[in-house]
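Participant: Chain residues, written in single-letter form:
2 protein chains.
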Amino acid sequence: MLKELWQRRLALVEKALLEELREDDALNAKLSDAMKYSLMAGGKRLRPVLLMAAADAVGANGDDFVTTGAAIEMIHTYSLIHDDLPAMDNDDYRRGKLTNHKVYGDGIAILAGDGLLTLAFEVMLRQKNASAEKLTQVVKEMSIAAGPNGMVGGQAIDLLSEGKSISMEELKEMHMGKTGALFRAAIRSGAILGGANQKQLDALTLYAEKFGLAFQITDDILDVEGDERDLGKPIGSDAKNQKSTYVTLTSLEEAKKLAVQTVDEAVTALDDFGEEAEFLRELATYLIARNS
Amino acid sequence: MLKELWQRRLALVEKALLEELREDDALNAKLSDAMKYSLMAGGKRLRPVLLMAAADAVGANGDDFVTTGAAIEMIHTYSLIHDDLPAMDNDDYRRGKLTNHKVYGDGIAILAGDGLLTLAFEVMLRQKNASAEKLTQVVKEMSIAAGPNGMVGGQAIDLLSEGKSISMEELKEMHMGKTGALFRAAIRSGAILGGANQKQLDALTLYAEKFGLAFQITDDILDVEGDERDLGKPIGSDAKNQKSTYVTLTSLEEAKKLAVQTVDEAVTALDDFGEEAEFLRELATYLIARNS
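These protein sequence lines are chains A and B, in that order.
Going by this note's numbering, 252 is the number at position 252 of the first sequence; the sequence numbering is gapless.
Going by this note's numbering, 273 is the number at position 273 of the second sequence; the sequence numbering is gapless.
Incorrect hints may have been included.
Note: identical chains are not told apart, hence a pair may lie in one copy or across any two.
Within a straight-line C-alpha distance of at most 25 Å, the following computed PhoX-like cross-link-like pairs (lysine-lysine) qualify [unchecked claim]: (1) K30 - K164; (2) K164 - K102; (3) K243 - K36; (4) K128 - K140; (5) K199 - K44; (6) K172 - K30; (7) K243 - K30.
For the record, the hints were derived by calculation from the structure and aren't laboratory data.
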């Protein structure tokens, strides 16, 4: 079920991204190209897929909310473009392709990121089958998750802690901001759009938090023992950049144990859901076995 | 009336900015400092003041919408921070103070801009006395105005046309994006929040477009014959950077004539409004005589 539904929805997301981007003729063609270059560079489309699966879990049809899925993918893509800049992580490659600023220059790359972030909020409001009340809730979830208390805050901690060793507590806070917050917003937004009640929303929020943590731990593990061809980026970059990770702060073995335990907790959070949450359960389990 | 109301509302805006920023404890203190540094660096707070005046013009009390005013000032401030970066205009000073990246470094400056833009959307939703329908309209106005078809698009044109001479048509499109769109969103958002009918909204939109154009023309004039102490930045920077402006594409005299004519058109757009639009009329007229 996992692979088929994921593939089918991945295609829906690609289509929605092209539609929502095309609808928006940027004032400048090079800016438009730069936005499209990174947005359509592939990827697992994990955040939109999570958003749609959360809507399924509360009895709606996730397909109906692909527009909001496209919006969150735009936020994710903007964060990658800015992350890769020389003033930040200074990466030349991403998913096996040159990074945005290597192709378009730093100035346009900054603007392409700014443009995608801003466009994302416009795209959220294009979501059909959603009341104004729900739309404002989604905008709130996304802006809090992506802002200084979330993704941007986590990125700042990451930037400022380069070459320093940080505690497990600080590492968790950084990742809760840098990647966890947007996973959480994806799942909560899907649940809200799908009509979740408070109990369902709480359970899915717990799932999201565990999912985000497990995702980060396996990311750290893959940076040690992943395959460069599968990942599309060099391994060992954390060690090279002297970054604290779940592996360096514990051990490879301990990190693997923690990942398994965290996935268990994610799955347990869904105990009150039936078949309609099966995708989310499978996805969490798949995390442990993924190679990219 | 102009000066008193402006001063009073400027104080309201400063207070709202501090409140909305403080409410948001960024994950990282340095990021928080960087955001505050640029946000509280003074300025005319023209966009919030326009927003509030547009609400007045349709019979509401502009004071009630200072929260949305604070949000648009955050968007404006983010654009200045990113504009000043070495990869963009590479400016060391802004309003007589070191620019954000000169104090905090390029990486944190990028994130401070990202943080303010994202926070702005959260702050819009904190606006009281506004239905969910109105809030979604405001988010839509702001995201379109600040996005690739508006401010970010204009900035891209600006960046890519450095050292090139551009046509009057291209110059207008660039400024409509770079500064005009956000003025337009300020006035339309204030009108929407204040309960404008369609005819009022159309008239205020026309005012906004003329206002934006007149603002840019006087900006270009000030870069030629302004006073560095009043402006808080060096004059002659357009000439130095070989930028096309309303002055270089016509003449100082022609640009002044065009400014007067455009302000006339802005004021005429308000013919059907009474006393409650007097501030907007005075503000447009003041534009011609401003020295900073």
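Participant: The structure should be examined with respect to each hint, and the outcome stated for every one.
Facilitator: Okay, the hints, checked on the actual structure:
1. K30 - K164: between (38 Å within a copy, 16 Å between copies)
2. K164 - K102: between (28 Å within a copy, 23 Å between copies)
3. K243 - K36: The answer is neither: 31 Å in one copy and 28 Å across copies each exceed 25 Å.
4. K128 - K140: both (18 Å within a copy, 15 Å between copies)
5. K199 - K44: neither (29 Å within a copy, 47 Å between copies)
6. K172 - K30: between (38 Å within a copy, 19 Å between copies)
7. K243 - K30: between (35 Å within a copy, 20 Å between copies)
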